[in-house]
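Asks: The primary structure of each chain is shown beneath.
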Amino acid sequence: MSDPARSTDDGRDTELIARWKSGDQRAATELVERHSTALARFAVAFGEREDIDELVQDTFVRAFSSLDGFRGDSAFRTWLFTIERRLLLDRRRAARRRPDRDALHEDDSATSYNALDGMLADETQRRLGEAMKQLSPTQREVFSLRVAQGMSYKEIADVVGTTEGAARVHYHNAMRAVKEFLDE
Amino acid sequence: MNDCVNAEFRDQLPALLHERLEGSERAAILAHLDGCLDCREELELLRELQGMFVSATPAVSLTTIVAALPAAPLPAGVLPFRQRVSRRMDWRVAAAVLVLVAGGGSFAMRGHMPSAAQAIASATPTVPTAVAVNATPTSEAQSTVASATVASNASRSTDAELSMTGRLDDLSDEQLQSLLGEIDNLQATTIAEPEAAVVPVTLSSDGPSGA
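Going down the list, the sequences are from chains A and B.
The first sequence begins at 90 in the working numbering and counts up one residue at a time.
The second sequence begins at -7 in the working numbering and counts up one residue at a time.
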């Protein structure tokens, strides 16, 4: 699937990164403007509900600190998602070690996905949120990257650390599960 | 809600939603949607899900994020501000130390140097004395000694030369002429360097014999 709009976006990211590397701090501001909302949305879709600002900030700080390591094999946004996902998993591991943990777990999928509760304004959205809770963490992750971010299977595979084929299967299984829940 | 049997079109619905399809692909799926209720329903579901994610996402503070970012690297050849300040301070410190050393050194030397009056008192009599010694040379050796004495005195009184001008004014013309003449004589004094000895040798049939 060709994507001219995305390749233009990637070209702009590459240009901004080059400008930042040559000392232009304003390029960093534009990069943050371009990707911060998508990162926040990914965090919500991933099930995060607290300190999303901080998480997005940490993602950018880590990305800019290791920008020399970004080879451009994937899109800049995909790379940012990879970093954010790692930070999210770290958060969850840390939360799991806390004795008074009330955070989400990767393994108790049915009860963990309550991030959208209280955030959704109307009944339709709350119902959709309930449908998302039926998914396994991996299904939810793949499904939200596909639906909320419009990422290709290749990009999803890069972020999640799987194959394109597996990402496709997860997406279609998730879609089927959501439909079944909504049809009940 | 049913699934469309055309998996390829179904697969492209999220891309259509995010406007990531090119003209021909986009036209094909739009044509398919016209005749496929299942795909239209699935596209509507995708739109609602996307709306749910959008409305559930809190706004993030760009200013806070940007403020936390590391500074952009400086172009090659440009030193960081702190380093530039440091270098400038290094130069200033070096200059301050130089001024202190030079100032302190000259102050110390001033303490050790004779005053103008002392310089006049010590320098003035030296020259006539030396000249007096040299004035009546009895031998070349004496002359050499006298020359050395004047040279020594002259070097010792070098610092006080300017001070002597006042006292020289006190000398009469005759004394000055005499002093200058003696100085000329001193300069004309030959340097006592050993000359090669020449020994005449006469060769005879019996062998060489010195004179």
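One thing to keep in mind: the hints can contain errors.
Some but not every residue of chain A turned toward chain B, in silico, with C-beta under 10 Å [what the hints assert, rightly or not]: (1) Glu122; (2) Thr126; (3) Val150; (4) Phe159; (5) Arg160; (6) Gly161; (7) Asp162; (8) Ser163; (9) Ala164; (10) Thr167; (11) Ile172; (12) Arg257; (13) Tyr260; (14) Leu271.
Now the in silico label distances, taken between C-beta atoms and shown as ranges [said to hold, decoys possible]: (15) B:Ser53 - A:Glu104: 55 to 61 Å; (16) B:Leu66 - A:Asp272: 58 to 64 Å; (17) A:Thr252 - B:Gly43: 27 to 33 Å; (18) A:Gly158 - B:Leu66: 51 to 57 Å.
Calculated directly from the structure, the hints in this document are not laboratory data.
A virtual CB, placed ideally from N, CA and C, is assigned to each residue, including glycine.
Asks: Take the hints in turn and mark each one as holding or not.
Replies: Here is how each hint holds up against the structure:
1. Glu122: It holds, given that the least Cβ distance between glutamate 122 of chain A and chain B is near 6 Å, below 10 Å.
2. Thr126: holds, 7 Å
3. Val150: holds, 6 Å
4. Phe159: violated, 14 Å
5. Arg160: violated, 17 Å
6. Gly161: violated, 17 Å
7. Asp162: Since chain B brings no Cβ nearer than about 20 Å to aspartate 162 of chain A, farther than 10 Å, the hint is violated.
8. Ser163: Result: violated, 16 Å to nearest chain B Cβ.
9. Ala164: violated, 12 Å
10. Thr167: With a closest approach of 14 Å, the threonine 167 of chain A hint is violated.
11. Ile172: violated, 14 Å
12. Arg257: holds, 7 Å
13. Tyr260: Hint holds; tyrosine 260 of chain A Cβ to chain B Cβ min 8 Å, cut 10 Å.
14. Leu271: holds, 7 Å
15. B:Ser53 - A:Glu104: 55 to 61 Å: Roughly 25 Å apart at Cβ, these two residues miss the hinted range, so it is violated.
16. B:Leu66 - A:Asp272: 58 to 64 Å: holds, 60 Å
17. A:Thr252 - B:Gly43: 27 to 33 Å: holds, 30 Å
18. A:Gly158 - B:Leu66: 51 to 57 Å: violated, 19 Å
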